[in-house]
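Residue-level listing of the chains:
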Amino acid sequence: MSISLKAKVMSNQPVGPEIFLLTLEAPAIADAARPGQFVMLRVSPGPDPLLARPFSIHGVEGGKLLILYQVKGKGTKLLAQARPGSELLVWGPLGRGFDLAAERPALVAGGMGIAPLAFAAERLEERGAAFDAFYGLASKEAFIAWDSVSGDGAFFLEDWGWNGASEDGSVGLHGLVTEPLRTRLEQDGERPGAVLACGPLPMLKAVALLCAEFEVACQTSLEAPMACGVGACLGCAIPSVGGGYLRACQEGPVMDASLVDWKKI
Amino acid sequence: MSISLKAKVMSNQPVGPEIFLLTLEAPAIADAARPGQFVMLRVSPGPDPLLARPFSIHGVEGGKLLILYQVKGKGTKLLAQARPGSELLVWGPLGRGFDLAAERPALVAGGMGIAPLAFAAERLEERGAAFDAFYGLASKEAFIAWDSVSGDGAFFLEDWGWNGASEDGSVGLHGLVTEPLRTRLEQDGERPGAVLACGPLPMLKAVALLCAEFEVACQTSLEAPMACGVGACLGCAIPSVGGGYLRACQEGPVMDASLVDWKKI
Amino acid sequence: MSPAANMAVFVGGVRLANPVLAASGTFGYGREYSPYLEPGAIGGLVTKGVSLEPRVGNPPPRIVETACGMLNAIGLANVGLEEFLAHKLPWLSEQPGAVVVNLYGESVAEFAELARRLGAEPGVDALELNVSCPNVKEGGMAFGCHPGAVGEVTAAAVAEAQGKPVWVKLTPNVTDLAPMALAAAQAGAQAVSLINTLLAMAIDPKTRRPKLANVVGGLSGPAIKPVGLRMVWQVAGALKAEHPGVDVVGLGGIMSGTDAAEYLIAGAKAVQVGTASFTDPTAAGRIAAELAAYCAGQEVSAAELAGSLRI
Amino acid sequence: MSPAANMAVFVGGVRLANPVLAASGTFGYGREYSPYLEPGAIGGLVTKGVSLEPRVGNPPPRIVETACGMLNAIGLANVGLEEFLAHKLPWLSEQPGAVVVNLYGESVAEFAELARRLGAEPGVDALELNVSCPNVKEGGMAFGCHPGAVGEVTAAAVAEAQGKPVWVKLTPNVTDLAPMALAAAQAGAQAVSLINTLLAMAIDPKTRRPKLANVVGGLSGPAIKPVGLRMVWQVAGALKAEHPGVDVVGLGGIMSGTDAAEYLIAGAKAVQVGTASFTDPTAAGRIAAELAAYCAGQEVSAAELAGSLRI
Ligand SMILES: Cc1cc2nc3c(=O)[nH]c(=O)nc-3n(C[C@H](O)[C@H](O)[C@H](O)COP(=O)(O)OP(=O)(O)OC[C@H]3O[C@@H](n4cnc5c(N)ncnc54)[C@H](O)[C@@H]3O)c2cc1C
Ligand SMILES: Cc1cc2nc3c(=O)[nH]c(=O)nc-3n(C[C@H](O)[C@H](O)[C@H](O)COP(=O)(O)OP(=O)(O)OC[C@H]3O[C@@H](n4cnc5c(N)ncnc54)[C@H](O)[C@@H]3O)c2cc1C
Ligand SMILES: Cc1cc2nc3c(=O)[nH]c(=O)nc-3n(C[C@H](O)[C@H](O)[C@H](O)COP(=O)(O)O)c2cc1C
Ligand SMILES: Cc1cc2nc3c(=O)[nH]c(=O)nc-3n(C[C@H](O)[C@H](O)[C@H](O)COP(=O)(O)O)c2cc1C
Ligand code: FES
Ligand code: FES
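Residue numbers (our numbering), protein chains in the order written: chain A, 787 to 1051; chain B, 787 to 1051; chain C, 15 to 325; chain D, 15 to 325.
So here's chain A without its partners, still in its complex pose (with noise of 0.2 Å):
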């Protein structure tokens, strides 16, 4: 069950550049959500923006419902200054998540991708499933976690082991994210259950594209601008094979990349 509440701003913090760790108190949301689900959160109680932001849910402690975000018009520019103690307006958990009942599922992040696939691997690993984890980058400068990363890009947000690949070779493989994942699908006996895969719409595609190829089940998180979130608007249409269109915050944001339209996208 969704609901909606005004959140206390427990921590609002600087992780990247222009990328911020955003921690409210939201009890009933935290409790509920599943990887791959959003929530949407107004900025400012104004009239101007207008709308409700939506974001992945990154994590939850406790309580605590952790929101990462990169700072990229008004809206997260004025979130980027919401002091702890504030309260935002916030309702979900919304959307379908991943499934992660896969055989050792491959999880496969582009940049802030990693949002909520570093939920989903935190909930695999507590449940002790195997998985493999691809994380794709334009640079490390993109990301100031890989500071604390180790020498081959090995280690990320805790503990759990991502393969990292770089655009210009500063962390990890020198590529694509596409290119391990390639090399992963191509062993042979071990296929990933499933590829969940989350960032930009290019590697998406790709994902997808490659996935088709291996023919190994694809879930691909897609976004698209939204009014509501809860399904009542129709603004977050994705093409759909059949023709016609998918609601990006309710079949989705999660959505089997063989229902997409990747033409028409």
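Some chain D residues near chain C, calculated using beta-carbon distances under 10 Å: (1) V78; (2) T80; (3) A81; (4) R223; (5) L233; (6) G235; (7) I238; (8) A280; (9) L323; (10) R324.
Don't read these hints as lab results, they were simulated from the structure. A virtual CB, placed ideally from N, CA and C, is assigned to each residue, including glycine.
Add chains B, C and D with the ligands to chain A, keeping to what the hints say.
Just chains B, C and D with the ligands now, kept in the frame of chain A:
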């Protein structure tokens, strides 16, 4: 010459119930300021609230501009949150101030009307001119500065001799500020050369009437909703005796009471 | 505290426990918002526009934020009549509060057919004809810009609605709304709802492309409230003079109880909350509560507040 | 840094150093803002509407703030033609930048007379006919809502203007602006300026009275930008097809250089900055500078930017 600049907030302190003293670094405006003039201040850079708010110049200290304001609606509520170090767009000094040349003027302030008149008193004091000063309030609680005032309400904001009057008798004379003013006007021989008044409209009307009765020149500082503050929008119309209107921001805010059509205002 | 005000209103042939409805297209089929509102918190809801056949709607992007507002070009995407009757109406009928079904046809015949089918449903309290959608090629706004067309569509729907009250949702994108409202009233509408969105556009200066795939869309939200208020005031005045039994349902940018009160004061008998629900899923319920508190403070009933503007 | 862009435009028969003008009624007679702008910072200005006789305007309150906007009901207060010629135009004529005189008559004859008198002034670069003021009883918007009336007023002014370019300022409060623009073009206008304010209203819920003494007023500011952009795009398209020599001057809610760029992209050849000047007296100059920087970044001239929307 009026100028527009982004002024740094030096301090923004509560000095009474919902009353704040704002100090801005705005040397060019401070240097040119005369008592009774005002500035236009944007309380936030975004499009909502859209318009700047007019505030009297309460004083200048070196290159700093003092503004004494009361929280009324959403603009002043936002202003009360402005932190030292932040910048606010401000332009001025604007409008016609008080004429301080009259022989032994009487200053009559009601409520927030103290803001420009304290500045007038300061300037009169600086040039060693004699004057009388009257300050009317609803109650002692209405202005925390009264806490530091002697029993007879004789001191306020430094050492000028303000004669206080309060509607509930909690400080100074019990009654409206027009009562000590009438007493003063009735004194033979030493009529004020002019009355300089700022305060709520009913007070200004009463003062204007009193001055007419005693044939004393009366300068009233008037308020009107303003958009531009510079004489361009014609929004700030004050009905004038000849028919037609005067601009509060240009022909005012300080206007000779005999020019104003008090019945239409 | 003042004693509670009587918030019940009888508007456009429908009795409402309070004058706050959720607006069409912004509240889905009701269920989407059920986690966020107490049952009975609002007077009722207006459904997303229903057409005879399902419609997939416009390609994305369909929405974009603007200063104190938003544009939408959904293109009347909806599940279609059959699915609505089979899977949306049953749940809705069980809820407290009125069910107003917004409907949209591409021809007079389609409007009539929709009115016939929906008029027969006991769970439906009133029909709202959308003759004002700016985001579709056929029908939609075209109907709403000519008094003759408004009258024709309304008369056809009224004739088929089997006594069910018919409301007409009007577009603000006209020189003078009063003739449209009078035409609707003349043709038997029991209320007019206004305003729908203002036809508008947004451009991305980086790409020099329209921000909406549909190029133009409808502006809603606080930005348009002053326009909506003016139109409600004008139309309420015109109806009072010529069709005093026909009500105005006011909407456009209502974000708070006092916004709702302003619409009632201007002459609306009830209001609808649209975009506000996007900014706060509890908005419609909150606004109803705030309006009740306002009425209590002013010591008026909702019915007395309606049209109480003092000039 | 990219090389400076060529910002000069030739619009409505007038050469401008850059496409940013200050809008009528929001910039006084220019001098009010001279402390805040470098000489030559903007392409020129449009004066407050001038009528044959002085007008005192509407009683206060005349302005009220709304969400991302404001309403005004000034009532075309102005000093009148004689005072304008004697004390306002001489100073204006000495400034760099074009002088467009906005004028307002209560009849076709008054428009013609104003055009004759102002057309004879060397200091005047163009005339802008205000057939769209929502805040006066006579004339004003009434002229702007009928293509026939727009054409008649325009033809009369063009006939008297002694070759001086005539622009027509159009009201957005109509079902379809294109016929008005085409009528103006047909009658000899060299440009149409759009949009004027949206007719609107605000109510004080405490007193239940209108917030403006005039009850209704005109909505301006960022709230209306999406409506203005849409109308400019539509009208520019219509003119391009039928009167390619006639330009659109775009305005409504322009607050920044990118806002101005969006209007140019939509099809305007120049823009006007209105309400923004109230929120920042340096706005018009700042916007011109920001637009120049935008053009440099996009490596286009202002003239190339105009109408460059890609659909
Ligand atoms: C389901 C979902 C989950 C998300 N999770 C996260 C997250 O965990 N962390 C994070 O940093 N961001 C996340 N985002 C993206 C985030 O919502 C946007 O970055 C944010 O709304 C931008 O707001 P703004 O006001 O700063 O930018 P705006 O001023 O609104 O826009 C700035 C730029 O961002 C683009 N943009 C705006 N909204 C979106 C959107 N919804 N999707 C894609 N692009 C957009 C605009 O087109 C524009 O180019 C998520 C988006 C969705 C739909
Ligand atoms: C020349 C001049 C000098 C002023 N000097 C001071 C000063 O030194 N200190 C001070 O505290 N205030 C002063 N004011 C009043 C101040 O401008 C308003 O209190 C302020 O604009 C309210 O803004 P807001 O956003 O908080 O209120 P809003 O939300 O805009 O309005 C809240 C209430 O205040 C009323 N109001 C809004 N603007 C004005 C206005 N301009 N005049 C009168 N009532 C208004 C509204 O009608 C409403 O009832 C001055 C006004 C003028 C015209
Ligand atoms: C996303 C969206 C979808 C809408 N769909 C419909 C619709 O299907 N039928 C209709 O009559 N109005 C529709 N509207 C218009 C609203 O019901 C309402 O008239 C308008 O948004 C103004 O009110 P607001 O400012 O409170 O949102 C829609 C509005 C929005 C924002
Ligand atoms: C206070 C005020 C006065 C105005 N006076 C006039 C006028 O005299 N003549 C005119 O054609 N337009 C007048 N306008 C309309 C503006 O020129 C402009 O068309 C409108 O405000 C929209 O632009 P904006 O949103 O940039 O302000 C006035 C607008 C305002 C706000
Ligand atoms: S965001 Fe409203 S339906 Fe998805
Ligand atoms: S505030 Fe604009 S003319 Fe006075």
